[in-house]
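Undergrad: One-letter residues, chain by chain:
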Amino acid sequence: MLRITGGTIYDPANGINGEVRDLYIADGKFSSKFDAGRTIDATGMVIMPGGVDVHTHVAGGSINFGRARTPEDHRRTHAFIRSKTRRSGLGGMAPTTFATGYLYAGMGWTTVNEAAVPVLSARHTHEELNDIPIVDKSSLVLLANNEIILDLLEEGEDERAKQIMAWYIWAAKSYGVKAVNPGGVASWKYGNDSKHLTSKISGYDHITPGTIVTKYAKMIDELGIPHPLHLHCNNLGAPGNVETTLETMRHLEGSRAHFAHLQYHAYGGDDWGNMRSEAARLAEYFNAHTNMTTDAGAVLFGDTVTITADGPWQHLLYKLTGRKWGNLDVENETGCGIVPYTYRPSNLVNAVQWAVGLELLLLINDPWRVFLSTDHPNGACFWRYPEIIQLLMCADYRNECMANLPLNIKNKISLPEISREYTLYEIATITSAGPARSLGLKHKGNLGIGKDADLVIYHQDKDIARMFGHPRYVFKGGEIVIEEGDIRETPDGKEYLIQPFYEPDIDEFLRPRFEDRYCMSFENYPVEMERIEHAQIQKCTGDDAEDGDSQ
Amino acid sequence: MELKVIENATCTFCGCVCDDIELHADDVRIHQAKKACVLGKSWFLNHTAEKKYPDALIDGQPASLDEAIEVAANHLYEADMPLVYGMSNTTCEAQKECVAMADLLGALLDSHTSL
Amino acid sequence: MGGKVTCTLGEVKNRADFIVYWGGNPAECHPRHFTKYTLMQKSKFLPRGRKDRTVVLVDIRETKSAKAADHFLQVRPGKDFELLTILRALIKDQKVSEEQVAETGLSLEVLKDLIEKMKAAKFGVMFFGMGLSMTRGKHMNAAALLTLAAEMNAFTKFVAMPMRGHGNVTGADVIMRWQTGYPFGISLNRGYPRYNPGEFSTVDVLVRGDTDCAFIIGADPGATMPKPAIDHLAKVPTIVLDPHVTHTSRLSRVHITTAPAGIAAPGTGYRMDEVPMPLKPALQSPYPSDEEVVRRIRETIALRPDWMTNQPQMIEAQI
Numbered sequence: 262m263l264r265i266t267g268g269t270i271y272d273p274a275n276g277i278n279g280e281v282r283d284l285y286i287a288d289g290k291f292s293s294k295f296d297a298g299r300t301i302d303a304t305g306m307v308i309m310p311g312g313v314d315v316h317t318h319v320a321g322g323s324i325n326f327g328r329a330r331t332p333e334d335h336r337r338t339h340a341f342i343r344s345k346t347r348r349s350g351l352g353g354m355a356p357t358t359f360a361t362g363y364l365y366a367g368m369g370w371t372t373v374n375e376a377a378v379p380v381l382s383a384r385h386t387h388e389e390l391n392d393i394p395i396v397d398k399s400s401l402v403l404l405a406n407n408e409i410i411l412d413l414l415e416e417g418e419d420e421r422a423k424q425i426m427a428w429y430i431w432a433a434k435s436y437g438v439k440a441v442n443p444g445g446v447a448s449w450k451y452g453n454d455s456k457h458l459t460s461k462i463s464g465y466d467h468i469t470p471g472t473i474v475t476k477y478a479k480m481i482d483e484l485g486i487p488h489p490l491h492l493h494c495n496n497l498g499a500p501g502n503v504e505t506t507l508e509t510m511r512h513l514e515g516s517r518a519h520f521a522h523l524q525y526h527a528y529g530g531d532d533w534g535n536m537r538s539e540a541a542r543l544a545e546y547f548n549a550h551t552n553m554t555t556d557a558g559a560v561l562f563g564d565t566v567t568i569t570a571d572g573p574w575q576h577l578l579y580k581l582t583g584r585k586w587g588n589l590d591v592e593n594e595t596g597c598g599i600v601p602y603t604y605r606p607s608n609l610v611n612a613v614q615w616a617v618g619l620e621l622l623l624l625i626n627d628p629w630r631v632f633l634s635t636d637h638p639n640g641a642c643f644w645r646y647p648e649i650i651q652l653l654m655c656a657d658y659r660n661e662c663m664a665n666l667p668l669n670i671k672n673k674i675s676l677p678e679i680s681r682e683y684t685l686y687e688i689a690t691i692t693s694a695g696p697a698r699s700l701g702l703k704h705k706g707n708l709g710i711g712k713d714a715d716l717v718i719y720h721q722d723k724d725i726a727r728m729f730g731h732p733r734y735v736f737k738g739g740e741i742v743i744e745e746g747d748i749r750e751t752p753d754g755k756e757y758l759i760q761p762f763y764e765p766d767i768d769e770f771l772r773p774r775f776e777d778r779y780c781m782s783f784e785n786y787p788v789e790m791e792r793i794e795h796a797q798i799q800k801c802t803g804d805d806a807e808d809g810d811s812q
Numbered sequence: 034m035e036l037k038v039i040e041n042a043t044c045t046f047c048g049c050v051c052d053d054i055e056l057h058a059d060d061v062r063i064h065q066a067k068k069a070c071v072l073g074k075s076w077f078l079n080h081t082a083e084k085k086y087p088d089a090l091i092d093g094q095p096a097s098l099d100e101a102i103e104v105a106a107n108h109l110y111e112a113d114m115p116l117v118y119g120m121s122n123t124t125c126e127a128q129k130e131c132v133a134m135a136d137l138l139g140a141l142l143d144s145h146t147s148l
Numbered sequence: 003m004g005g006k007v008t009c010t011l012g013e014v015k016n017r018a019d020f021i022v023y024w025g026g027n028p029a030e031c032h033p034r035h036f037t038k039y040t041l042m043q044k045s046k047f048l049p050r051g052r053k054d055r056t057v058v059l060v061d062i063r064e065t066k067s068a069k070a071a072d073h074f075l076q077v078r079p080g081k082d083f084e085l086l087t088i089l090r091a092l093i094k095d096q097k098v099s100e101e102q103v104a105e106t107g108l109s110l111e112v113l114k115d116l117i118e119k120m121k122a123a124k125f126g127v128m129f130f131g132m133g134l135s136m137t138r139g140k141h142m143n144a145a146a147l148l149t150l151a152a153e154m155n156a157f158t159k160f161v162a163m164p165m166r167g168h169g170n171v172t173g174a175d176v177i178m179r180w181q182t183g184y185p186f187g188i189s190l191n192r193g194y195p196r197y198n199p200g201e202f203s204t205v206d207v208l209v210r211g212d213t214d215c216a217f218i219i220g221a222d223p224g225a226t227m228p229k230p231a232i233d234h235l236a237k238v239p240t241i242v243l244d245p246h247v248t249h250t251s252r253l254s255r256v257h258i259t260t261a262p263a264g265i266a267a268p269g270t271g272y273r274m275d276e277v278p279m280p281l282k283p284a285l286q287s288p289y290p291s292d293e294e295v296v297r298r299i300r301e302t303i304a305l306r307p308d309w310m311t312n313q314p315q316m317i318e319a320q321i
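Residue numbers (this note's numbering), protein chains in the order written: chain A, 262 to 812; chain B, 34 to 148; chain C, 3 to 321.
Simulated from the structure, these hints should not be mistaken for laboratory data. Heads up, some of the hints might be wrong.
Said to hold, decoys possible - Simulated pairs of lysine-lysine, BS3-like, Cα-Cα distance not exceeding 30 Å:
1. C:66 with B:68
2. C:114 with C:140
3. A:580 with C:94
4. C:38 with B:68
5. C:140 with A:580
6. C:229 with A:461
7. A:585 with C:237
8. A:755 with C:282
9. C:124 with A:461
10. B:37 with C:38
11. C:121 with A:580
12. C:97 with A:580
13. B:85 with C:282
14. A:585 with C:97
15. C:121 with A:585
16. C:44 with A:580
17. C:38 with B:74
18. B:74 with C:66
19. A:479 with C:46
20. C:229 with B:85
21. A:585 with C:94
22. A:476 with C:46
23. C:44 with C:97
24. C:119 with A:580
25. C:38 with C:140
26. C:121 with B:67
27. B:68 with C:282
28. B:85 with C:237
29. C:124 with A:585
Note that this is a predicted model, so its numbers are computed, not measured.
Looking at chain A on its own, in the form it has when it is part of the complex (with noise of 0.2 Å):
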């Protein structure tokens, strides 16, 4: 048992803004009781639930190519030592697993959603998973390109198609959905793309990317899935996408839908010299529609690699940076695409970028809805993550780094004209309690009695970079695992997934068709159970339990 005494609270979940309470702790939740055991005095420090990414991409066969792709970042960047009791590792734009687990841990978070796995390689996904220290974890999968599932909306079996939906998802052992580029990155596969609503998918008559969105975020809601249709939209990162997403809003009224790193979806102009934010505009709609988040998919100006299962646009960054570059197309359902990048504030593009993340983050009015991520390692490693939130706490320094950005770019953006700064209440909204319930994590983000006891201690510090990116002391599960800087423990972090229900006829339904696209077996393409290390299954909606912590 342990109790945490005099710190000050800040707890979304249970409303409690910045109370000073002590906490308790017994078998790795919190706890009503104390009877005996250590106490620790966190008298004038900061007490948040531990962080949670909604999207990050830290495991699998894409960001294991960005590192093949990246030797001589790793060989300039932060590198842990190996101790008797902990694996060495090497951070950077593209850490390896144990550094992974390390980084995060080392600034308070303690969950992760790995966004983008596809499910032919999720067998390699959840082995990363497995050697990410510390961190809870869950995986989303590709699906919005996966062609037998196009083939079934193309012939209107959309019924069929749901039942196979979810037969992916437990096959890779998965907690949800990803859509990237729905229709686009199927249209790669023949060397195009397709980047509106209305455009045509190469291979297909009768459906578009506008079908993909609408049935899937359809098909979700009736599997009752945890985490909403997560869309990664089409047309990213192109000047004037900002209609595109729009449109993809609008198809998605009446639905849950989270949108994924919007920044890069969020520009106006109809070329890279005229490009200009939009972020005001998208915001207003999304504060008035209520039945989306969304993460920010923040820029920050340095060196990183760009990862992403967009195949046709890092196609295009390629031919713009004549960089790198690395592509895997997946056989029947996905791609991926390599491409390392630096964004530079003298760029009058990345300049318009980085004002678009802070943008959203501000003009997005309900801090339960927009979320911290950097899309990392796209928009920046997620262990700059202190560096964003100073930029949202204080305003002062937003104005101090806008001086740095290129003249030109007045009238491009509207960071200037926004003065809100976020509090240390908000701050552990988009954080942690506010993506922990987009996941629908119900024991996360949430110091409430009977939850899992991660969470972070900080030091007062006017230096909110400094504040955050050093935390005194983090907890997982009712552990220490970081100590004013130091590693104390390398827990095994769990792993979330979902079986939704199929019919079990899908499966010699679904042979044929599988073997007729696919080149491994049938029987050896399912993820076995025994592979995921402390696998925690979730209930879908339907089934009645409160937290689904079976097994």
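Fit chains B and C to the known structure of chain A by using the hints.
TA: Just chains B and C now, kept in the frame of chain A:
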């Protein structure tokens, strides 16, 4: 004797890693490897569960597994610059153990790829 | 700059109407590659299978694989890099001299015809074998081919893939990358991973005599490496884990017999396109698995005092 049939077995002889092989085996050997190519067939049929070799050899002399593990650990621990090499004809699970051991040893770590 | 533009093998099966094998002999080294993944399969997009595909073999000699190809291009030994570079120029309509072409052993006419076919393809793929990546030019050759494939995407869909041999060597690459950041040629002697092929790669280490104990698993360098490397293995304590007593076992201080992977030991293996496959053993071996033996050796080592103490947890930047 009835042969055990393993469907959709995986062949790791070459990089194709075909996973549609049908193996017919008794307790000691695989008698048939259906769908396997000529290389795969010989791969499957030439490995048996017979005890053809001693558990271990130390300086060329038969030894027990426990002794061999102790001596191997000793050599590796005493070395200033040990090398962990190979990792082709083995499982990912063993490869992970190799990397973990190399990490602990502060060793050089390399695979066939460097050839 | 190029990069690596690739796909899983099912994409080739489903879509590739133009297939190049360069410096490899799949008919004899990857016998089911043609039938299972590339040439012979019918698909939604290529309903006539082999008839819908064009196959080109580039090699220094006419191997058995040439019979399966529509076109065989015999490149002069050691001229792969030159030929690839000429093709990269030709696809962009850059000027190439007759003499430069002649050096490769092929004619401009043949190359122009090849380029035309590549550009006309809907989905092209280039597989390359050790005949390209292990001969004069080595990784430069592989890089040239990967770049050619990347650059072909300005005209049509094109990908490239190495024909990895040696069972699960791909798994080793993949795992070392996620655990250390690097695929091979790694030193952990400072307590964190560093990468320098040529310095930390095994043949170089052995030839220089830079190791004082070698642990060999799933490989038989005693049969394949240059003599000075083998001599050094014999000189230092060498430990071998293998299902058979190998050439390397015979020169080793310790040999431990283990269960063969995938036959009597379960687990995972990665295909050449980095798709992980479950291994289902048919036999129960009287010997332990590699996994178990390495774990036990590691655990035995871990009981000894740590030789590396008083290290910082992390260094901010490597020197």
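Undergrad: Could you run down the list of hints and mark each one as holding or not?
TA: Tested hints:
no.: 1; hint: C:66 with B:68; verdict: holds, 21 Å
no.: 2; hint: C:114 with C:140; verdict: holds, 25 Å
no.: 3; hint: A:580 with C:94; verdict: holds, 15 Å
no.: 4; hint: C:38 with B:68; verdict: holds, 10 Å
no.: 5; hint: C:140 with A:580; verdict: holds, 27 Å
no.: 6; hint: C:229 with A:461; verdict: violated, 61 Å
no.: 7; hint: A:585 with C:237; verdict: violated, 43 Å
no.: 8; hint: A:755 with C:282; verdict: holds, 26 Å
no.: 9; hint: C:124 with A:461; verdict: holds, 18 Å
no.: 10; hint: B:37 with C:38; verdict: holds, 26 Å
no.: 11; hint: C:121 with A:580; verdict: holds, 18 Å
no.: 12; hint: C:97 with A:580; verdict: holds, 23 Å
no.: 13; hint: B:85 with C:282; verdict: holds, 22 Å
no.: 14; hint: A:585 with C:97; verdict: holds, 25 Å
no.: 15; hint: C:121 with A:585; verdict: holds, 22 Å
no.: 16; hint: C:44 with A:580; verdict: violated, 34 Å
no.: 17; hint: C:38 with B:74; verdict: holds, 16 Å
no.: 18; hint: B:74 with C:66; verdict: holds, 20 Å
no.: 19; hint: A:479 with C:46; verdict: holds, 29 Å
no.: 20; hint: C:229 with B:85; verdict: holds, 29 Å
no.: 21; hint: A:585 with C:94; verdict: holds, 19 Å
no.: 22; hint: A:476 with C:46; verdict: holds, 24 Å
no.: 23; hint: C:44 with C:97; verdict: violated, 39 Å
no.: 24; hint: C:119 with A:580; verdict: holds, 23 Å
no.: 25; hint: C:38 with C:140; verdict: holds, 28 Å
no.: 26; hint: C:121 with B:67; verdict: violated, 39 Å
no.: 27; hint: B:68 with C:282; verdict: holds, 16 Å
no.: 28; hint: B:85 with C:237; verdict: holds, 27 Å
no.: 29; hint: C:124 with A:585; verdict: holds, 24 Å
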